[in-house]
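Here the protein sequences come in this chain order: A and B.
Mapping of the first sequence onto this note's numbering: position 38 corresponds to residue 38, and the numbering continues sequentially without gaps.
Mapping of the second sequence onto this note's numbering: position 27 corresponds to residue 27, and the numbering continues sequentially without gaps.
Note that these hints are calculated values from the structure, not bench results.
Remember, predicted model here, so these are calculated numbers, not experimental data.
Heads up, a few of these hints could be off.
To be verified - 20 Å max Cα-Cα, derived SDA-like pairs, lysine to any residue:
{"#": "1", "chain 1": "B", "residue 1": "K234", "chain 2": "A", "residue 2": "D74"}
{"#": "2", "chain 1": "A", "residue 1": "K156", "chain 2": "B", "residue 2": "N3"}
{"#": "3", "chain 1": "A", "residue 1": "K78", "chain 2": "B", "residue 2": "N3"}
So you can see what is in the structure, the chains are spelled out below.
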Amino acid sequence: MNKKLDNKKKITEIFKSFNQESIDIIILRKQENLFDNNNDDIDILASYKDFKKLKKILKKNGLLFYSDSKYINDYLYKSIPHHHFYNKNLGLNFDISFDISYRSINNQEFIPIDDEQLDYIWGNKIKIIKNDFYFFQMDKYSQIIHLISHCIFDKKNFSDYYRNKISELIIEIDKTIFFEMIEPIFYKYKKRLFELIKDQKFDNIFNDYISYKEY
Amino acid sequence: MSNPGVIILDTKKKNIIQRIFNRNSFRYVQIEDNIGEAIHIHFDDFRIELSIKEFFEISSCFKEALNQVVDIKNFDINEIDPLFFKYASINLEDLESIEITTVHKNDVSFLLNNNKFNFYKLNKFKDFTERDLFKINKEKRTHKFYNNNIDKKNILKNLNKDFKPILDEDFIVRDGKHRLFLKFQTNDTSEAYIWRFKNKSFKINIFAYYFVEILNRTINKLKYIIKKFLQKTKNFYEKFLQN
Numbered sequence: 001m002n003k004k005l006d007n008k009k010k011i012t013e014i015f016k017s018f019n020q021e022s023i024d025i026i027i028l029r030k031q032e033n034l035f036d037n038n039n040d041d042i043d044i045l046a047s048y049k050d051f052k053k054l055k056k057i058l059k060k061n062g063l064l065f066y067s068d069s070k071y072i073n074d075y076l077y078k079s080i081p082h083h084h085f086y087n088k089n090l091g092l093n094f095d096i097s098f099d100i101s102y103r104s105i106n107n108q109e110f111i112p113i114d115d116e117q118l119d120y121i122w123g124n125k126i127k128i129i130k131n132d133f134y135f136f137q138m139d140k141y142s143q144i145i146h147l148i149s150h151c152i153f154d155k156k157n158f159s160d161y162y163r164n165k166i167s168e169l170i171i172e173i174d175k176t177i178f179f180e181m182i183e184p185i186f187y188k189y190k191k192r193l194f195e196l197i198k199d200q201k202f203d204n205i206f207n208d209y210i211s212y213k214e215y
Numbered sequence: 001m002s003n004p005g006v007i008i009l010d011t012k013k014k015n016i017i018q019r020i021f022n023r024n025s026f027r028y029v030q031i032e033d034n035i036g037e038a039i040h041i042h043f044d045d046f047r048i049e050l051s052i053k054e055f056f057e058i059s060s061c062f063k064e065a066l067n068q069v070v071d072i073k074n075f076d077i078n079e080i081d082p083l084f085f086k087y088a089s090i091n092l093e094d095l096e097s098i099e100i101t102t103v104h105k106n107d108v109s110f111l112l113n114n115n116k117f118n119f120y121k122l123n124k125f126k127d128f129t130e131r132d133l134f135k136i137n138k139e140k141r142t143h144k145f146y147n148n149n150i151d152k153k154n155i156l157k158n159l160n161k162d163f164k165p166i167l168d169e170d171f172i173v174r175d176g177k178h179r180l181f182l183k184f185q186t187n188d189t190s191e192a193y194i195w196r197f198k199n200k201s202f203k204i205n206i207f208a209y210y211f212v213e214i215l216n217r218t219i220n221k222l223k224y225i226i227k228k229f230l231q232k233t234k235n236f237y238e239k240f241l242q243n
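From just these sequences and the hints, can you work out the full model?
This is the structure:
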């Protein structure tokens, strides 16, 4: 119980400091579960220009730093390794990325999305105001595209949380805009992907994707 | 963005010696399936983009051309497994003849890596089991999503009575070992193609294979150790000097 309270207090303090320093951060996934102790990581998108300020705040709050390694992973097209700040006692891990990259199907190299797509995400971010602080989340189009890409490329499956979240989002979006935005990632597979999601056939998506031939 | 849904179908790179002594051809050729987008054929910095239909069309053209270029009796590229052909093609200039011969199951050797260290070894038909061949033996494949589970029922269903495996001059099965094994379960003999090469260039030298394999594995292990060391040094630096 104490750990959960400490955890919540620490997250609140950290986010308040981000706000005071005018550091904009976008929570990429599971933003509804920010204070949930079972949530493994807090996945954040930040701007690299704010890194020093972020680091100072997180270290001041007792979090230790490490970054993913270029020696172990391959980062293509200027993709940047994730930076982690953690406190094992509190069960906290801030997973900070400065771009959005997905792991390639073939050799698991990190491949970033285009600058225009990243600019769209920053330009259309939505402010979420809590009692003591605020943060940003992606708009519904960027969010659904990010979750689908994350499940297919990084996870190779759809967990229950992502199935529910994607199913919620898919009924809220305009199909034409969705197709236009997802085209640079899934190309001609976009329509089939949309149908599979609509029909809730999440179990089939990965295998269907890698065996797709209509192009 | 660059398509993350990329699968390398096959790749061929020159080694350092080939790069030094043969500068007149491409350094690497790679065929990629960029899912939903196109098939890419890379020749160094030059790239051809094809639809799947176009890719099969160009493959048929290459096959037709190969059948005309390789002027050897009994050579038909349509009857040869593409994976075997890729491996054999390096020595294609030396191919002298392809004969059709009847072979007895006691005279034929099979290459299997069904041991603890996954080293290939020569085995006679009587020396290994169906499980050794179908379950334990694992062939190396470039294609990441290649289905390594070889379905016996499917092979039997498609096994033609005129099937002929490809053997080298030492009667080692070089292509069609699963089908030949199943054929030998009911027949003592089978017809086979015997591929003969000049200067025995296609001959298996098991000791040279062991030497190269051990060398490759040692280099890979060293690379892994160096990467791990660099990673640990970096972690140490971040943990104790930056925190």
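query = Does K234/B pair with D74/A here, judged by a C-alpha cut-off of 20 Å?
reply = Holds: K234/B and D74/A sit about 16 Å apart, inside 20 Å.
Hint consistency between K78/A and N3/B [alpha-carbon to alpha-carbon, up to 20 Å] = 15 Å, holds
task = For the pair we were handed, K156/A and N3/B, check the Cα-Cα distance against 20 Å.
result = Given that 20 Å is the threshold and the Cα spacing comes to 16 Å, the pair holds.
Checked against the numbered hints given earlier, this structure breaks none of them.
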